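One-letter residues, chain by chain:
There are 2 protein chains.
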Amino acid sequence: MKREILLTPGPVNIPNELWRYAASMHHRTDEFRAIVQDAIGSLQRLLATNAHVYLLTSSGTGAMEAAAANFVSDDELVLVVSSGKFGDRWGEILSAQGKHFELMRLPADERIDVDSVAAEIDSGKYGSAMLTHVESSTGTLFPLQELKSKVSNDEVLFIVDSIASIGVEELEMDSLGLDVVVGCSQKALASPAGVSFIAASGRALKKASGGKKRAYYFDLTRYTDEFKVGDTPFTPAVQTFCLMHHNLKALERIGWDNTRERHRAIASEFVRIAEGMGFEELSRNPSSAVQALRLPRRLEGKGFAAAVREGTGYVVADGQGALKGKIMRTGYLGLVGGEAVLDFVEKLARLMATLGYDTEPAIGNEARERFSFYKPLLSRLA
Amino acid sequence: MKREILLTPGPVNIPNELWRYAASMHHRTDEFRAIVQDAIGSLQRLLATNAHVYLLTSSGTGAMEAAAANFVSDDELVLVVSSGKFGDRWGEILSAQGKHFELMRLPADERIDVDSVAAEIDSGKYGSAMLTHVESSTGTLFPLQELKSKVSNDEVLFIVDSIASIGVEELEMDSLGLDVVVGCSQKALASPAGVSFIAASGRALKKASGGKKRAYYFDLTRYTDEFKVGDTPFTPAVQTFCLMHHNLKALERIGWDNTRERHRAIASEFVRIAEGMGFEELSRNPSSAVQALRLPRRLEGKGFAAAVREGTGYVVADGQGALKGKIMRTGYLGLVGGEAVLDFVEKLARLMATLGYDTEPAIGNEARERFSFYKPLLSRLA
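If you're matching them up, the sequences are chains A and B in order. Each residue of the first sequence is one higher than the last, beginning at 594 in the numbering used here. Each residue of the second sequence is one higher than the last, beginning at 594 in the numbering used here.
Hints are not guaranteed to be accurate.
No distinction is drawn between identical chains; accordingly, a pair holds when it is met within one copy or between any pair of copies.
Listed next, the in silico SDA-like pairs over lysine to any residue satisfying Cα-Cα at most 25 Å (straight line) [said to hold, decoys possible]: (1) LYS678 - ARG890; (2) LYS718 - ASP850; (3) LYS692 - ASP812; (4) LYS799 - GLU959; (5) LYS919 - ASN878; (6) LYS895 - VAL822; (7) LYS806 - ALA627; (8) LYS917 - GLU874; (9) LYS968 - GLU763; (10) LYS806 - LEU696; (11) LYS806 - HIS693; (12) LYS968 - ARG846; (13) LYS917 - ALA627; (14) LYS805 - GLY691; (15) LYS940 - THR622; (16) LYS895 - ARG626; (17) LYS919 - HIS619; (18) LYS895 - GLU932; (19) LYS917 - HIS693; (20) LYS806 - PRO826; (21) LYS692 - ARG963; (22) LYS678 - ARG626; (23) LYS806 - ALA689; (24) LYS741 - MET697; (25) LYS895 - MET697; (26) LYS917 - ARG815; (27) LYS917 - THR622; (28) LYS806 - TYR950.
Derived by calculation from the structure, the hints in this document are not laboratory data. No experiment lies behind these values; they were computed from the predicted model shown.
Using the sequences and the hints, build the whole thing.
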């Protein structure tokens, strides 16, 4: 198999030397219980929260479904604030569960009108608001802190998808007053895909206890008692749990502030260079977790993401839905260091020239030096 | 960390050298789609079926929930046939989904009365029957073939949990006339935990298309169109998918008949020796997938499974619920060869002597030779 490097917004590269931390242990042992409890402690520190944290064996969408099943009741109206495919997914999940919502769609290429969102939440119509911290289909960062400062209705439960943002964008759950936050293993936690988590405030848990759930695997009450002692109700993805636990501890040693700063620096440097090459950032509220870049118009609709993969050996993501063929999405989560980004940029320029779009990436010596400072994160985890 | 060997009925040991097959690839690529389609082909051959196979990122319980959500309607009555904790789980899942069932509980320590089960299914009350091929809490193998030969009502949908039996006990889905079979990665498929699957007959799929599901992540209609081209609707546990795919291909090369024969031989030899040491097989319909052995009465209730782990370095499972402290459960899925089983038996005897139960395992030269024939399966996968 050809060795390719993922520059996508997840899943991330897991180098072979990291797998030795994916221990095969039995889950009904004190050793595994300690790992579960310790991983939960790391996630609580990362989210600056005392919330109850549940680890699930599923993709992030499973955690979203569990959040909707456990914390949204049949008789309330939910405001779904969406700037793309993953925001819309909150609505699809609520629909599937027969729950009621209104969708507030924010255009990806305009600045988010936080006042309008705050006013809608304050209208008194809604029991919960579901938001997406980083919408990875468009690279949009939702300004949660600004929104929270403008909302006065404190009865509304805030349920936030942090799948793409966790570990990259700051998210202090308790001081922000968020009730439910969901995330998963295979993005900035630099771990294999297949484990997700939910952090739920005391207020959310109190609301949940009265609800009809119609779920079994995702019924969090099954997890509550078990998790007090680090047990899971069903066989967990033990090996992925163990590796994610190892990475959480290593990332804490590196420091989340340092990790976030690293993502910000690589992303902003890359975007600056890419803009010099004719790309344009799609979102007016960009995040450093994922870069959604409009292609130079001449390259639209020509299978550019596939050409990049074929021509450079780096895997980037195409747009989804209406954005298919119009954007390229990248992410620098995990394996990637500055040298690889420089190498990618140079190969990208050569590829674009062969496609008839001649460009010269403007990489100054200063940028080169800044990039070379950033070693692959995962080499520091092994 | 102390290196222990799992002799439990899952999860299984994954040696470090196997992890290199857990490729980090992007899931929206033709390479990954080919892996999904090829794994589905292997599972169809293993189950001797043309059924539609879905791969999910969840534990086996998630696949059970998906089966109940997609193939049981709100207005039918289901017969749940249970000989223990995992059979009962079918009922718990149906309850959570607000569906209707009757539980037929079979005592673990009596021979299964197949005629009674057949008569109940033939009563005309039920739209579906949910069964457990191997009940791993008691080591019981349900004689599906015998049951099917006695049932005359062919309107009843057969939904079977094959989580513990897949790859160990024969299960030819189409010739048996089963409609839905669920299984998962971390037992005899010798793979990390976290991936499950559902095989569904055309008849089951036809029934599903009319049903209310109230599920999103486990709504199989979301998987149908995607799976035609090898796509998954949500980010799958890519690395576990890739390793499981590798193992499926390797096990096919070894041959499922050979793998089953190996499990049968090791299990029956081990049980014979254990019976000579004072253990007694709990089930009257035992399976070679898991051995549930009653402890000699003097060792009951003394934390025997924990003592085995501490004293021998091999991890076995305790009983669950009312059987806690009364039985020891073992499995030989994956890493374990005959030499390890012999070593375990000898250490077990020494441990029992220190606990005041002196016993001499009767291992003849002939048994030694037969055991030594069986090398660890996983070494043949790497």
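I want to check one pair: LYS678 and ARG890. Are their C-alpha atoms no more than 25 Å apart within a copy, between two copies, both, or neither?
within (23 Å within a copy, 60 Å between copies)
Alpha-carbon proximity context of LYS895 and GLU932, limit 25 Å:
neither (28 Å within a copy, 59 Å between copies)
Is it within, between, both or neither when you check LYS917 against ALA627 at 25 Å Cα-Cα?
between (44 Å within a copy, 22 Å between copies)
Please sort LYS806 with PRO826 into within, between, both or neither, judging by C-alpha distance up to 25 Å.
both (17 Å within a copy, 23 Å between copies)
Classify it for me, LYS917 with HIS693: is the Cα-Cα distance of at most 25 Å met within a copy, between copies, both or neither?
Answer is neither; intra-copy 30 Å and inter-copy 45 Å both fail.
Are the CA atoms of LYS806 and ALA627 at most 25 Å apart within a copy, between copies, both, or neither?
This pair counts as neither: shortest intra-copy Cα distance 29 Å, inter-copy 37 Å.
How do LYS718 and ASP850 come out at 25 Å by Cα distance, when the copy is not named: within, between, both, or neither?
Neither: 38 Å inside a copy, 62 Å across copies.
Between the shortest in-copy and the shortest cross-copy C-alpha distance, which are at most 25 Å for LYS806 and HIS693: within, between, both, or neither?
both (15 Å within a copy, 16 Å between copies)
Between copies, within a copy, both or neither: which fits LYS968 and ARG846 at Cα up to 25 Å?
within (16 Å within a copy, 41 Å between copies)
Please work out whether the CA atoms of LYS806 and ALA689 approach to 25 Å or closer within one copy, between two copies, in both situations, or in neither?
Answer is both; intra-copy 13 Å and inter-copy 7 Å each pass.
First find the shortest C-alpha distance between LYS799 and GLU959 inside one copy, then the shortest across copies, and answer within, between, both or neither for a cut-off of 25 Å.
Classified as neither; 54 Å inside a copy, 63 Å across copies.
Homo-oligomer pair classification [MET697, LYS741; C-alpha up to 25 Å]
For LYS741 and MET697, only the intra-copy Cα distance (17 Å) is at most 25 Å; the inter-copy one is 54 Å.
The structure fails hints 2, 4, 7, 18, 19, 21, 25 and 28 (numbered hints given earlier, in ascending order).
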